[in-house]
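Chain W is already provided as a structure; the job is to place chains Y and F on it using the hints.
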Amino acid sequence: MDPLEVEFLAEKETVKIIPNFSLDKIYLIGGDLGPFNPGLPVDVPVWLALNLKQRQKCRIVPPEWMDVDKLEETRDLERKEDTFTPAPSPYYMELTKLLLNHASDNIPKADEIRTLVKDIWDTRIAKLRLSADSFISQQEAHAQLDNLTLMEINTIRTFLLDSLNCMYKLRSNLQPASSKGQYADF
Amino acid sequence: MSDAVSDGGSDASHDDGQEDVMTPAELIAKLEEAWLNERFSPELLENRSEVVECVMEQLTHMEENLQRVKKGDAKASIHRMEIDRIRFVLSSYLRSRLQKIEKFFPHVLEREKSRGEGDPSLLSPEEFAFAKEYHTNTESYLKAVALKRMPPNLQAVDLLKTVPEPCLDSFVFLRVKERQENILVEPETDDQREYVVDLEEGSQHLMRYRTISLLVSSGAVQLI
Amino acid sequence: METQSYFPVPPGVAVEENFLSLDDILLTHERLPVRTECAFPRLGFLDKSTDTQDISEGTKMELPLWLSKALYERKRRVLSVELPKVYREGWRTVFNADPNVVDLHKMGPYYYSLGSQLLHFDSPENPDIAQTLLQTFIGRFRRTMDSSQNAYNEDTSALVQRLDSLEKVLFRSGQSGLNDFQSWEKGRAAQLTASTLVLNYRKRKLAEVQP
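Residue numbers (full-length UniProt numbering), protein chains in the order written: chain W, 1 to 186; chain Y, 1 to 224; chain F, 1 to 211.
Chain W with its partners taken away, still in its complex shape (with noise of 0.2 angstroms):
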């Protein structure tokens, strides 16, 4: 998958904006939404609100877990664990680039917040790499992964699902030639 179409499904997170305007509530296919009204906070999809934010009709209001303190909490504990500890939003990733590139000036500290995103994202790849090589040399048949984000396991799919084909087609060369008939057909 694109990481552009990974960003598209982060889009349809809700995040809290201050209008600058005022209008009634709208009738969405996916759903209502509204009414805004000026300094009132009112919840709206990402791509909604960044949309708004681009024509200056709103503040943004940064999610709970976008904040300094938090995020080196988050750091500090994903650099401890050898596992994955929870993500600090299943969108974290995405949410940071959307929303620094296009509303920085509605959150505080932002390029601290980039740097730690960026610092959690690194240590939790590096741990997505030690995993897949264990479950390669292991030859699991199975994983649980409760605590990997989309975009995490988007960078790595092909290549690990491709070598995990591989590997099932060349570990099927040690079941003797009889049971695999298609050898005898060509």
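Just so you know, the hints here were simulated from the structure itself, not pulled from any lab data. It is possible that some hints are incorrect.
As the list claims (entries may be wrong) - Taking lysine to any residue and the SDA-like style, the derived pairs with C-alpha atoms no more than 20 angstroms apart in a straight line are:
| no. | chain 1 | residue 1 | chain 2 | residue 2 |
| --- | --- | --- | --- | --- |
| 1 | Y | K177 | Y | D198 |
| 2 | Y | K161 | Y | E102 |
| 3 | F | K168 | F | K60 |
| 4 | F | K106 | F | T156 |
| 5 | F | K186 | W | L100 |
| 6 | W | K109 | W | E72 |
| 7 | F | K48 | F | R31 |
| 8 | F | K186 | W | E5 |
| 9 | W | K118 | F | Q182 |
| 10 | W | K127 | F | I25 |
| 11 | W | K53 | W | P108 |
| 12 | W | K53 | Y | M81 |
| 13 | Y | K100 | W | N165 |
| 14 | W | K25 | W | L48 |
| 15 | Y | K161 | F | E37 |
| 16 | F | K60 | F | G44 |
| 17 | F | K69 | F | E37 |
| 18 | Y | K75 | Y | P24 |
| 19 | Y | K75 | W | E11 |
| 20 | W | K53 | Y | R80 |
| 21 | Y | K70 | W | L100 |
| 22 | W | K25 | Y | D198 |
| 23 | Y | K71 | W | R55 |
| 24 | W | K12 | Y | D84 |
| 25 | W | K25 | Y | H61 |
Just chains Y and F now, with coordinates in the frame of chain W:
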């Protein structure tokens, strides 16, 4: 629409009975599920034309309404953005099905041929027509560029044998939507033993598609 | 005799099998050392080293995989296939000791695929060959992955040169996963670029216009 739903009625695991009382929001969620499942499953999944048709209806209806709205209306631009997003998912879903049909066409058509009466069809009528045409075109192309120049006894090509089948032993990533007990995990090597796992709601796993393919079609797990 | 004009070479140990796969076709052209077990009348043209019309029993020569496979029969011994040296016991010992030291491009480049194909020919060593192929792949996986992800920001070109063709495909898929992510992260992905097809088409049109 009602016909399409009753087509799938033989499969008890489908929640088709609910389909006609689905809210538009639930409908869009269904489309997105179908989209991701189709993107990540190694084989072509059963068509969800009832969902596609309902979404199309919703979009057409919304677009008709928007034509009556004045230019520059703040609400209209938000509606248009939503329509674009839904259209993107819809076309990506249909396109990924076409890609799989192109990749596996002889097998897809074979399965369609051997389908028992009353069994749900893998393909929508339009996809079926596409698959048949693709098959004919591939055959006549191979004939025109190469086969007709071969000795007469070597001019036949059995596409069922030459085009690889989908590999159901591929691994997939999935998220559990409804808890499942005692899923049997087959051993990978001779010195491993088979074992069972429980799939807790909300948990994520990496395992062979073959093990959970039925859970994908019943909607109990979501490929990610 | 089969009446198929295309003989796929199963089990294509490749990432993407396709009935017109170029890798598959190249693989079937790999040459194997064989020994004839009976006389081949009027087939002298197959053996480039002599001008004789027939090939006599016991001739040692090289034949491409596709031909060896077509001529080989388990029941009637027409020819026997010798193992290329990289699959023999000596090399298997090297692989089992440390698979990472071997230049699989030089020794291959279809080490895994050709090795899998060799199992088609009966040999008491087959189980050992199959086991070595699998263990070699597993043993080299970490290196393939790390180089594709350029985990240590080192120059990987020397490493890549030593990969087998299958590993190279995996290397590329790992790299494109990483590159896609990095260009997304930098925001480059959002810019549409003209496809090379369109660019080439424009060039062609220009070329046609110019006298």
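Results for each hint:
| no. | hint | result |
| --- | --- | --- |
| 1 | Y/K177 to Y/D198 | holds, 13 angstroms |
| 2 | Y/K161 to Y/E102 | holds, 15 angstroms |
| 3 | F/K168 to F/K60 | violated, 33 angstroms |
| 4 | F/K106 to F/T156 | holds, 17 angstroms |
| 5 | F/K186 to W/L100 | holds, 12 angstroms |
| 6 | W/K109 to W/E72 | holds, 13 angstroms |
| 7 | F/K48 to F/R31 | holds, 13 angstroms |
| 8 | F/K186 to W/E5 | holds, 16 angstroms |
| 9 | W/K118 to F/Q182 | holds, 12 angstroms |
| 10 | W/K127 to F/I25 | violated, 39 angstroms |
| 11 | W/K53 to W/P108 | holds, 16 angstroms |
| 12 | W/K53 to Y/M81 | holds, 15 angstroms |
| 13 | Y/K100 to W/N165 | holds, 18 angstroms |
| 14 | W/K25 to W/L48 | holds, 14 angstroms |
| 15 | Y/K161 to F/E37 | violated, 31 angstroms |
| 16 | F/K60 to F/G44 | holds, 13 angstroms |
| 17 | F/K69 to F/E37 | holds, 15 angstroms |
| 18 | Y/K75 to Y/P24 | holds, 18 angstroms |
| 19 | Y/K75 to W/E11 | holds, 19 angstroms |
| 20 | W/K53 to Y/R80 | holds, 17 angstroms |
| 21 | Y/K70 to W/L100 | violated, 34 angstroms |
| 22 | W/K25 to Y/D198 | violated, 43 angstroms |
| 23 | Y/K71 to W/R55 | holds, 17 angstroms |
| 24 | W/K12 to Y/D84 | holds, 14 angstroms |
| 25 | W/K25 to Y/H61 | holds, 19 angstroms |
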